[in-house]
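Asks: We have chain W; now place chain R onto it with these hints.
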Amino acid sequence: MLDKMTNRLDFHGSALVLRAERQRTIASNIANADTPGYVGRDINFTQALRAATGSTSGDRLSAQGSTSTSRSTADQRHMAISTTLPSSSNPGKLGYTVQTQPSLDNNTVDLDRERANFVDNTVRYEATLRFINGNAKTMLSAIQGQ
Amino acid sequence: MSMFSIFNVSGSAVSAQSQRLNTVASNLANVDAVAGPDGKAYKARQVVFQTEKMGAEHTAGVRVSAIKESDVPGRRVHDPSHPSADEQGYVTHSNVNAVEEMVNMISASRSYQNNIEVMNTAKTLLLKTLQMGQ
Numbered sequence: 001m002l003d004k005m006t007n008r009l010d011f012h013g014s015a016l017v018l019r020a021e022r023q024r025t026i027a028s029n030i031a032n033a034d035t036p037g038y039v040g041r042d043i044n045f046t047q048a049l050r051a052a053t054g055s056t057s058g059d060r061l062s063a064q065g066s067t068s069t070s071r072s073t074a075d076q077r078h079m080a081i082s083t084t085l086p087s088s089s090n091p092g093k094l095g096y097t098v099q100t101q102p103s104l105d106n107n108t109v110d111l112d113r114e115r116a117n118f119v120d121n122t123v124r125y126e127a128t129l130r131f132i133n134g135n136a137k138t139m140l141s142a143i144q145g146q
Numbered sequence: 001m002s003m004f005s006i007f008n009v010s011g012s013a014v015s016a017q018s019q020r021l022n023t024v025a026s027n028l029a030n031v032d033a034v035a036g037p038d039g040k041a042y043k044a045r046q047v048v049f050q051t052e053k054m055g056a057e058h059t060a061g062v063r064v065s066a067i068k069e070s071d072v073p074g075r076r077v078h079d080p081s082h083p084s085a086d087e088q089g090y091v092t093h094s095n096v097n098a099v100e101e102m103v104n105m106i107s108a109s110r111s112y113q114n115n116i117e118v119m120n121t122a123k124t125l126l127l128k129t130l131q132m133g134q
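Residue numbers (the working numbering), protein chains in the order written: chain W, 1 to 146; chain R, 1 to 134.
Keep in mind the hints are simulated off the structure, nothing from the lab.
Among the hints, erroneous ones may be present.
[What the hints assert, rightly or not] Counterexamples of contact, computed for chain W against chain R with all Cβ distances above 12 Å:
no. : residue
1   : E21
2   : F45
3   : Q99
[Unchecked claim] Which residues of chain W face chain R? A few of them, derived with a C-beta cut under 7 Å, are:
no. : residue
4   : I30
5   : A31
6   : D34
7   : Y38
8   : R41
9   : N44
10  : A136
11  : T138
12  : S141
[To be verified] Some chain W residues flagged as far from chain R (calculated, every beta-carbon gap over 10 Å):
no. : residue
13  : T35
14  : T97
15  : E126
None of the values given here were measured: they were computed from a predicted structure.
Yeah, the Cβ is synthetic: ideal placement off N, Cα and C, and Gly gets one too.
Pulled out of the complex, with its shape left as it was, chain W reads as follows (with noise of 0.2 Å):
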């Protein structure tokens, strides 16, 4: 009963979690628009969420693992490679933003394109913030009944 109550908490919860890691990611890229060599990271969000909340159900995710240690490996014997970003907690979630113009210290941040993201990730972060306080109102006043 009460958990039905929490689940959409839990999954807001998680994207906002998300929304607050992207923006770091794109502060990031902002931060270093004129270093040479930097190399522009971004988060899909969609996989993410998607690995962020379907971790919550157990079945799954040892489903997820047992498939990727035999995929990662062709015989028993074998020493497993990681295939996870080292100091990652979840793999494989940060990618490479896509060089638009080429530039001649190899920098691949696109500083119009970057900021575009900055203020639709807040955007989205609000939302989701509007999300929760109005799902906790509406718990608030399903417990009171007034």
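Replies: For chain R alone, kept in the frame of chain W given last:
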């Protein structure tokens, strides 16, 4: 709280850009200088940016890794009456290119503004997060 590190990232970028702006200022101030502190003609200085890891995963700040002096030969002007003219009557000025420095300055100030805007937005979002559920 992962969003707090935005202040570290953008703060490092703002600090690096202001150092770049400082170098531009000293280059522009010495654009017509004949002798630098060591008695030779002033040499233009350029900052070198480098990505810096900031605590959490894949969070990249900036730092100024080096300040390099330009090796372009200085401007030589024929002026025999000048006190620092050599035997042939030439005076060596600094090798600062004023146009390049102005472009550098505009780019630095734009990047500075961008990062300040990022910090303001992050602050607004964090304040709104604090009011969650009220």
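Asks: Sort out which numbered hints this structure fails and list those numbers smallest first.
Replies: Numbers 1, 9, 11, 12, 13, 15, in rising order.
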